[in-house]
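Colleague: Need the complex rebuilt from these two chains, each delivered in its own frame; the hints are there to steer you.
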Amino acid sequence: MSEMIYELKDLRVSFPDMSRKPLLGAAPRIDVLKGLTFDIPRGEVLGIVGGSGSGKSTLGRALIRLIEPDSGAILFEGTDITHLHEDNLRPLRRRFQMIFQDPMSSLNPRRRVGGIIAGPLRLQGLDNIRGRVEEALDMVGLLRHFASRYPHELSGGQRQRVGIARAIALKPDFILADEIVSGLDVSSQAQVLNLLESLVKDLGLTLAFISHDLSVIRRLCTRILVLYKGEIVENSETAELFANPKAEYTRTLLDAIPLPDPQQAWF
Amino acid sequence: MRDARGHIRRLPGLRLWLSGGWLTFLVLAAVFAPLISPHDPLAQDLFAGRLPPFFEQGADPAYLLGTDSLGRDVLSRMLYGARLALIVALVAGTLTCLIGATLGLIAGYYRGWADLVISRFIDIWMAFPPVLFAILLIAVLGTGLMSVIIAIVVIDWTRFARVVRAEAMGQGAMDYVASAQVAGRTRFGTALTEILPNVLPTIVALLTLEMGIAVIVEAILSFVNLSISTDQPTWGGMIAEGRTSIYQAWWVLVFPLFALFLTVLSFSQLGEGLKDHFDPVLR
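Chains as they are written, first to last, in the numbering used here: chain A, 1 to 267; chain B, 1 to 283.
Just so you know, these hints were derived from the structure itself, not from any lab.
Do not rely on the hints blindly, as some may be mistaken.
Across the chosen pairs, the derived CB separations fall in these ranges [to be verified]:
no.: 1; chain 1: A; residue 1: Ala-27; chain 2: B; residue 2: Gly-142; range: 24 to 30 angstroms
no.: 2; chain 1: B; residue 1: Gly-144; chain 2: A; residue 2: Arg-122; range: 55 to 61 angstroms
no.: 3; chain 1: B; residue 1: Leu-98; chain 2: A; residue 2: Ser-187; range: 23 to 29 angstroms
no.: 4; chain 1: A; residue 1: Leu-24; chain 2: B; residue 2: Gly-144; range: 46 to 52 angstroms
no.: 5; chain 1: B; residue 1: Phe-278; chain 2: A; residue 2: Asn-194; range: 37 to 43 angstroms
no.: 6; chain 1: B; residue 1: Met-169; chain 2: A; residue 2: Arg-122; range: 23 to 29 angstroms
no.: 7; chain 1: A; residue 1: Thr-37; chain 2: B; residue 2: Trp-125; range: 35 to 41 angstroms
no.: 8; chain 1: B; residue 1: His-277; chain 2: A; residue 2: Gly-51; range: 55 to 61 angstroms
no.: 9; chain 1: B; residue 1: His-277; chain 2: A; residue 2: Ala-26; range: 46 to 52 angstroms
In silico contact screen, one side only, chain A against chain B (beta carbon under 10 angstroms); selected entries [unchecked claim]:
no.: 10; residue: Arg-61
no.: 11; residue: Arg-65
no.: 12; residue: Arg-90
no.: 13; residue: Met-104
no.: 14; residue: Asn-108
no.: 15; residue: Pro-109
no.: 16; residue: Gly-163
no.: 17; residue: Ala-167
no.: 18; residue: Lys-171
no.: 19; residue: Leu-195
Beta carbons: idealized from backbone N, C-alpha and C, even for Gly.
For reference, chain B alone in the conformation it holds in the complex (with noise of 0.2 angstroms):
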């Protein structure tokens, strides 16, 4: 009567180190972007305008990723707006997932009128197109890092709840449940000690997603126009500000769009692999 899920060995985590070295790279370089930077992000140089990238011809060394249509460095950009892209992943991701797991387990361990009340809250939340609310909330509390990562909580925290509230469900029908009852636990402590431990691979995988969606957020808000201010460079401001000129500077969306999908896939690996090197059954 030996389990099968006894035997399964996963690969040793190579998409675990790929992601997790890509997001190294990316926090060194957000952390030490002044001392790195070649040039001042926001200096102008009209006349060292739309140069190309250091492998094409008629490049300036000076610039390695080239330079936009106003002549700052793509480069430069790129490290500064490293540095937003991940406070953004960082601060609303985690603050997304607070908010949304301890609704969710509220509501799926406890039942019974919270869960009434949390699960109606979600399903109207959810009526509310995300894009849409979330630009009418920058809007209203007008544009810069705050309102960004406010709206992105506001219009994230559904994700955590609806899936914690039916995994916490799942669990809580477990015998384990009833045996710590048995043995004396109290609802709260089993909650916080036999539930949410089973709960957290799942925490854990979604607060990494969240994170990558986190980025593509604020990318989208910049690319609005109603992110940070525009004298603080961010990959969608840079992706909008390069989409006027794709045809005749492909380099200033291309760079900053590969960064930003390396880091959305990084974030989403990177759950997945923690996911499995955290669980005792899979490990």
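Only chain A is shown next, with the shape it has when bound in the complex (with noise of 0.2 angstroms):
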């Protein structure tokens, strides 16, 4: 087994810009993602950040698979996986999954929570289906009874929850998490985060966190990797990132993150 989860070698992506398409003729293209470098070890808590539109999403979606890249090469735990077919990935994609933004979106609203987590578990023919389900329940802390209701009767967090239970039910060696507190409340989203963290160190999860917000991620992760523009413009250690900051755009993200007490001169 490979130390390294993931390799990276100059991936590149780029999207057709269907808004610039001449009339006859192929559609120019962006380029969303401009040669990224960069290994992710086994057990590594990785943080993704950038603004929007900086590819912190494609590169994720580009990670486990959703998107082929044009170029470059992903190499999941020595294997490429940068252009396998859909047929010969399915077998993989157990070993790699993904946590999405919108749990109101990622979860089928006619399946109940428990057909939701045991699908995956169903399609990779594993056995005890039921127990897994539980377990998985269990590990992020909802009620077994939960898995008969339907997302749409659940709160925020417990339907990210779900999502979080969704992932780790099949025991992956890799887990990406999309931006997957930036649509709940304070609270929730300190809950789930509490609970991301626990499953990190509980389970020895390697776990990459794309967020905007550098405060959640540096209470999560141990690594940084700073986007702009489809470049990596930073990739450090966490501490030594906050302590100092190398590149520009660093420094201004990081001079957006709010105090939690500017002046207390306000009575």
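Modeller: In structure tokens form, the structure reads like this:
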């Protein structure tokens, strides 16, 4: 087994720009990721930050191959998955999972929670589905009778726990969390982050955590990747990045973190 | 962060009961038409022509809803007419639904060239005036039950295809579809087990609407004498015949028209009721 969960070399992704497509011929392409090279070692919690349009979600979706890159290479545990066909990718999918941003959209409204968590387990041909679903619910701190509820009956935080349960039920090696707390209120945010933190410790997960909020990332991540317009501008240990940020853009991001108590002269 | 939709409670399906009740009554009437019809629907009695219904003066109690100008019993003809109306509604509606919804699902979910081909085909198809198209088709195929059903399917599959395509496109953009891919579900499996259940309420509503429309189209074709042969009573045929004697015998036109109206209304209300009933979010 390789020490590196992911190895990325000169990863490039572009999308066709349909708004500037000429009447005849192909649409011009917009480069979203402009040659990213980095590794994710086993057991690391990697934060990926960047503003809107920096390509962080695209990077995430390329990592779990919801998007096929134009060029470069993605090695998952030593296997080249860059251009792997979906049929050959399917057996590997159990090992890298994703938690989505909006649980209202990522949970099928017509399935009960139990069915949502059991779906991937059945597809991957695992046994003892019921036991695994209950174990996953226990791990994310949801009562077992939630299995018979529909997503719309749950609160935002509970829904996101279902999303997490679905991902960890497969016991993957790697989980991608794409802005998973940005749709939640502050107290649910804290609960979900606490949960993720303890899961990372208990299960020894390798995690990539995408966010636009550095203060959220600081709590959770061991290393931080800063993206700006499709390029890596900084890739440092968390403490190092907060102590002396190298890139100009990182400094701007750090300045944007609201301080809990800027000045106490309100009254 | 509770979702407000969780609290919506609809009235316990009154319209579901009313529309279902009428349609059940109609099905029973159609099935048992030979047993409960007071007269042979084709038997003419020229001495008993244009007898009014039971509540008018000069009515014959043997002819509850009166007779037409050839002395045929209106009630018996309506009971037999219900058979054809329901056969057309069920068979034509279901076939239209299967063909249209399948094409719509493929176009909306798979997108790409499949969508391109199907969508352009729909656009071209819809440029034909539907009733003229049906009349033309029947003229080519010849009259008869099969021709009517084929004509309805051929005209109306686009209705399903368009709506289901749009719905499938919207559902396809949801993250639960991406999530199914992450879980290792095949494209086909996702279409069947993730998208279809979410499009199904729309399909059911459209299907019942289409059944109503099928009844109307059959009536229109009967009206222009292009439906089923004249020795089989249909509501449309009765309306067409009643039109010629509307001033002397209004009942020949009004009773089948009313049955037609109630049936079409019931089908569409049944669809809406079922849609609410099967939606876990609205239930």
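Colleague: A separate judgement is required for each hint: does it hold in the structure or not?
Modeller: Verification of the supplied hints:
{"no.": "1", "hint": "Ala-27/A - Gly-142/B: 24 to 30 angstroms", "verdict": "50 angstroms, violated"}
{"no.": "2", "hint": "Gly-144/B - Arg-122/A: 55 to 61 angstroms", "verdict": "49 angstroms, violated"}
{"no.": "3", "hint": "Leu-98/B - Ser-187/A: 23 to 29 angstroms", "verdict": "50 angstroms, violated"}
{"no.": "4", "hint": "Leu-24/A - Gly-144/B: 46 to 52 angstroms", "verdict": "49 angstroms, holds"}
{"no.": "5", "hint": "Phe-278/B - Asn-194/A: 37 to 43 angstroms", "verdict": "38 angstroms, holds"}
{"no.": "6", "hint": "Met-169/B - Arg-122/A: 23 to 29 angstroms", "verdict": "27 angstroms, holds"}
{"no.": "7", "hint": "Thr-37/A - Trp-125/B: 35 to 41 angstroms", "verdict": "52 angstroms, violated"}
{"no.": "8", "hint": "His-277/B - Gly-51/A: 55 to 61 angstroms", "verdict": "46 angstroms, violated"}
{"no.": "9", "hint": "His-277/B - Ala-26/A: 46 to 52 angstroms", "verdict": "48 angstroms, holds"}
{"no.": "10", "hint": "Arg-61", "verdict": "8 angstroms, holds"}
{"no.": "11", "hint": "Arg-65", "verdict": "9 angstroms, holds"}
{"no.": "12", "hint": "Arg-90", "verdict": "4 angstroms, holds"}
{"no.": "13", "hint": "Met-104", "verdict": "8 angstroms, holds"}
{"no.": "14", "hint": "Asn-108", "verdict": "4 angstroms, holds"}
{"no.": "15", "hint": "Pro-109", "verdict": "6 angstroms, holds"}
{"no.": "16", "hint": "Gly-163", "verdict": "8 angstroms, holds"}
{"no.": "17", "hint": "Ala-167", "verdict": "8 angstroms, holds"}
{"no.": "18", "hint": "Lys-171", "verdict": "14 angstroms, violated"}
{"no.": "19", "hint": "Leu-195", "verdict": "16 angstroms, violated"}
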